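Trainee: Same order as they appear, the protein sequences are chains D and W. Okay, so the first sequence: first residue is 1 according to our numbering, each after it adds one. Okay, so the second sequence: first residue is 1 according to our numbering, each after it adds one.
It is worth saying that the hints were derived from the structure and are not from the lab. Accuracy of the hints is not assured; some may be wrong.
As the list claims (entries may be wrong) - Listed next, the stretches of chain D that the computed footprint assigns to chain W, with coverage defined by at least 3 CB atoms under 8 Å from CB atoms of chain W:
# : region
1 : 26-37
2 : 91-105
3 : 116-128
4 : 135-148
5 : 177-186
6 : 225-234
7 : 245-259
Stated by the list, open to error - Here are some chain D residues the structure puts well away from chain W; computed CB gaps all over 12 Å:
#  : residue
8  : 54
9  : 56
10 : 57
11 : 67
12 : 75
13 : 78
14 : 86
15 : 152
16 : 155
17 : 156
18 : 204
19 : 207
20 : 208
21 : 209
Said to hold, decoys possible - With a cut-off of at most 30 Å between alpha-carbon atoms, the simulated DSS-like pairs for lysine-lysine come out as follows:
#  : chain 1 : residue 1 : chain 2 : residue 2
22 : D       : 185       : D       : 215
23 : D       : 59        : W       : 144
24 : W       : 175       : D       : 289
25 : D       : 215       : W       : 175
26 : W       : 175       : D       : 185
27 : D       : 289       : D       : 185
28 : D       : 289       : D       : 215
In this text the structure is predicted, and so the values were computed from the model without any measurement. Glycine included, C-beta positions come from ideal geometry on N, C-alpha and C.
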Amino acid sequence: MGVARTREGWGREAWQSYLFVLPFLALFVSFILYPLLSEVYYSFTRYEIGLAPRFVGLKNFAGLIQDSDYRQSILNTLIYVGMGVNAKLALALLIAIFLNREFAGRSLVQSLFLLPWAAATISSLLSFRWMLDTDFGVVNALLPLVGLQRIQWLGQYSTAMAIILMYHIWKYLPFWTLIFLSGLKGIPPDVYEAARVDGASPVQLLRWITLPMMKGLYIICTLISAIWTMGDFITVYLLTGGGPGQSTNVLATIAYRFAFRFGEFDNASACFVLLFPVMLVLILLVIRKLEASAYG
Amino acid sequence: MTYSASPKRGGLRRVWTPLWSYAVAALILLFALFPIYHMVLVSVKSDEELAKPILVSRAPTLQRYLEVVQQRHMLVTHFRRQLLNSTVLSLGTAALTLAISTTCAYAISRLRFPGRRTIFRASLFTYMVPSSFIVIPFYTLMVKYGLVNSYLSVILAETTFASPYCIWVLSEFFKTIPVEIEEAAIVDGATRFRIFRSIMLPLTAPALVALATYAFIFAWNEFLYVLVLINSNRLFTIPVGLSWYLNQDSIPWGMMMAESTLFSIPPIIFYYVFQRYMVSGLAMGAVK
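Chain W extracted, bound-state conformation (with noise of 0.2 Å):
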């Protein structure tokens, strides 16, 4: 399949098509990764260096990152709690998304009931409708509930935001595991949950992990919902905890931006382990 094979093509040719390739490709990279890399650059700078805007660091350090970990600076006071409430936060979600997403997933593409397409058509409104729409309706039911300043509110919104995704790609997979299987086991006498749980659960292990994950990294990344409902700094997860720095008279950019790299890192590894199963929702959906 190489465009080279065909003889009429000549040497010229050959050499430039790789050297348009990699001016193309160094202009995109440079695009996508100077913001990072200054992100990294700032958060190592020296104290002397950091008024002064240079590209490279010719003093790098990672004092600032031991500031953040030990909360050793004056504004830096919450971190630790910050980063707990951030994982307790995501992995209440992923818990919950999990659990709601697999048992629907499973309905939608295996059982036949009235009202499936329905719940689909549901989900994917979900999966659709922008979460700031809703924002001020889901505040004020919170507080009727009492649910303000609590967890259990964010959960709340993070799972149903995450689960039509998880949802969608998992009812995918679930098609893709032969029926006789389970029709096996209902001659064996196995129950519709039993199935669930001991056959198609097992079997899509791979990508429970991979959507666990993706609602992990959903509820790690959420801003507006936090904001609004929660309000207390030691309540805050890191985004929202990040964001009060600036309201502060000055401003302590290389410990934020400390603070941001160590909080990339989490996401950052997940979506390349993952990759495949962060797009494949409206790949498998669109692409047919």
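Same shape as in the complex, but just chain D (with noise of 0.2 Å):
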């Protein structure tokens, strides 16, 4: 009778459960399963502008592999993502234990460094292209005087690439350290009490217990960080727009710039269908790890 009761009391609670996720469930299905499954159609289609799309097979992923703009996109990626992701967590990882001791001034100190990810993103794109203008920015003028050249520090793969990626750790960096702060401040104050009765160096700390109990929250937000770095827009868009040429792209700029300014849809969709492997994988690791740590 106890089960049929709590079968019966399910049974209405589920029903119930329903309604309220239906709203989300509903953005979910329409606005990302269905666009992801649509994309993955599409790179095997010829789908330009105006046309209905119809299937081609693989022809779209092997132009693309022949297509040097493309390759050179996903090398910038994997440069973008490889050093931005990991200089950009390890100075944050640096920073916050600095930040975590006690010293006058501090709160002060951590509240400004907050500024750049406040700020607006577009604000500071625009700032630090004007700081680099070759004629008029202010870093420019002020090479002179430790006797530099100019440079033209957007019109040239390296120097483009360098400041792509030190915008990217720049604009970011107080994000990650703000999560890291809050991973130290969850590390128990006595395993330090008790290591430091029995004699431990702060080095020693730091190797012994902080670290080791960062460790996972590091990898998570390495592998979140890598997944979201990887689909980043905005940055190379309006600091180089791709250029000089198109070398300084990244994927989505390259996509973007097959779908909105050739109007080729499929070679667009390819673009990021060929990273999808990588990008669920990272996914559902991160999902595996949120969840073993949150349940287990």
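Taking the hints as your guide, dock the two standalone chains into a single complex.
Mentor: Structure (structure tokens):
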């Protein structure tokens, strides 16, 4: 009898539950799942603006692999993700450890440090661009003072990529620092206390307590940041527009170019679809790790 | 818990520690603040100073802010209109996101039903998937339904991407409310929806304000989806409107920096007020 009652209760509750989740589910299915699947479909078709998609097999992928601009954009995305994410998170951890110590004025430093993250992305991107202007930019104006030549920062591949990476680190460092700070605050103080009683030095505390305790969070953050950085559009689009030539494009800007400059939705979709496996594996890894830490 | 409590640590160390702390802090702040300072600096420079790369303005002026707001500059023709567009888009996103994420978070944290885990995973997936990966099929979908050049299309996209974080944070918040309150309400004959509306929502009001703000700023900063879905100067939001100046023959940098500064004020205020909520999802989910 008890079982029957539970079942009945559950049935009514389940029915109501679906009403509660229905709005989000509708968004997920229509604006995440359906677009992802149709993108996969587009990537196997000839699909130009104004025309209906027509199945062509692997033609788009074959074409893309031979396209040197696309190959360059994948290389750039790898550099952007590989160097940007690692440098940013390593710095964020260092700064978090630094800010986690007590010193007078610490909270003021922390608040000011958050500004790049709080200010609108468009604002700081435009400020960077004007700072680095070849003729009127403040950076080039300062170079002669230290005996250096003016540099076309955004006009050549190596410096342009360096600036793109630097903006990325500058912009997102505070966010990850805050996450690591809350991670550091979650380490129970008595662990440190016990180790200190045993005569551990600050370096040993860092090496044997702080770093191991932060490892899980650091890995999750690396994965999430890699996924997000892989899809970043605005940084490259507004700093270099993919230039000079098409040398600094990343995945999202080259796909935008295919789709909205040339109307080639097929190639644009294929750009992303080629990286779907990477993205999906990374996302599934994060979900598994998050669930393990939340329920384990 | 102070390090200097131990008698062995000498005076030199006590002086040295704060000294290097401030040196490091100064370095970090120089790096973090210079681009922001530069933006404000350029916005208040006088016209003669604009071409000169000086680090301090001798004759700062708010003239450019007036020109932006009053749209007196030749190129700044749609600032007020675009500000309104940005506001409408962000408010719409905030309202819709709140409606969708509160209900979903309540079900995830409080109700037991088959597929609950799947829904939560779907929201985590949505949280992580880069929005640019979906922009092309989203655009073709909106073309199909005739929604291109309308705010509804952008609001739908922003709501989809802003909701998961709110769902995540809110479901953690709902979990902190004692189940006994709900059980008492059920005994009194309240329906689930009644409980949700009259108990759960009021008890989490501060979090709701914070998350509505999060969604607002999320849409406020949106660039790609507006660029793709909206194609008229009158309908642009401020970020896309600002980027449009870059196509001009003579880029009005002073004006752009003034507009950029104005545009950054709301997010800066909101981020500082609700700082805790802006990172709490990941922090709660991952720090355990």
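Trainee: If a hint holds in the structure, say so; if it doesn't, say that too.
Mentor: Hints, one by one, checked against the model:
no. : hint          : in the structure
1   : 26-37         : holds (count 8)
2   : 91-105        : holds (count 7)
3   : 116-128       : holds (count 12)
4   : 135-148       : holds (count 6)
5   : 177-186       : holds (count 5)
6   : 225-234       : holds (count 7)
7   : 245-259       : holds (count 5)
8   : 54            : holds, 15 Å
9   : 56            : holds, 17 Å
10  : 57            : holds, 19 Å
11  : 67            : holds, 17 Å
12  : 75            : holds, 18 Å
13  : 78            : holds, 15 Å
14  : 86            : holds, 18 Å
15  : 152           : holds, 16 Å
16  : 155           : holds, 15 Å
17  : 156           : holds, 19 Å
18  : 204           : holds, 14 Å
19  : 207           : holds, 17 Å
20  : 208           : holds, 18 Å
21  : 209           : holds, 15 Å
22  : 185/D / 215/D : holds, 14 Å
23  : 59/D / 144/W  : holds, 25 Å
24  : 175/W / 289/D : holds, 21 Å
25  : 215/D / 175/W : holds, 27 Å
26  : 175/W / 185/D : holds, 22 Å
27  : 289/D / 185/D : holds, 21 Å
28  : 289/D / 215/D : holds, 12 Å
In this structure, none of the earlier numbered hints is contradicted; all agree with it.
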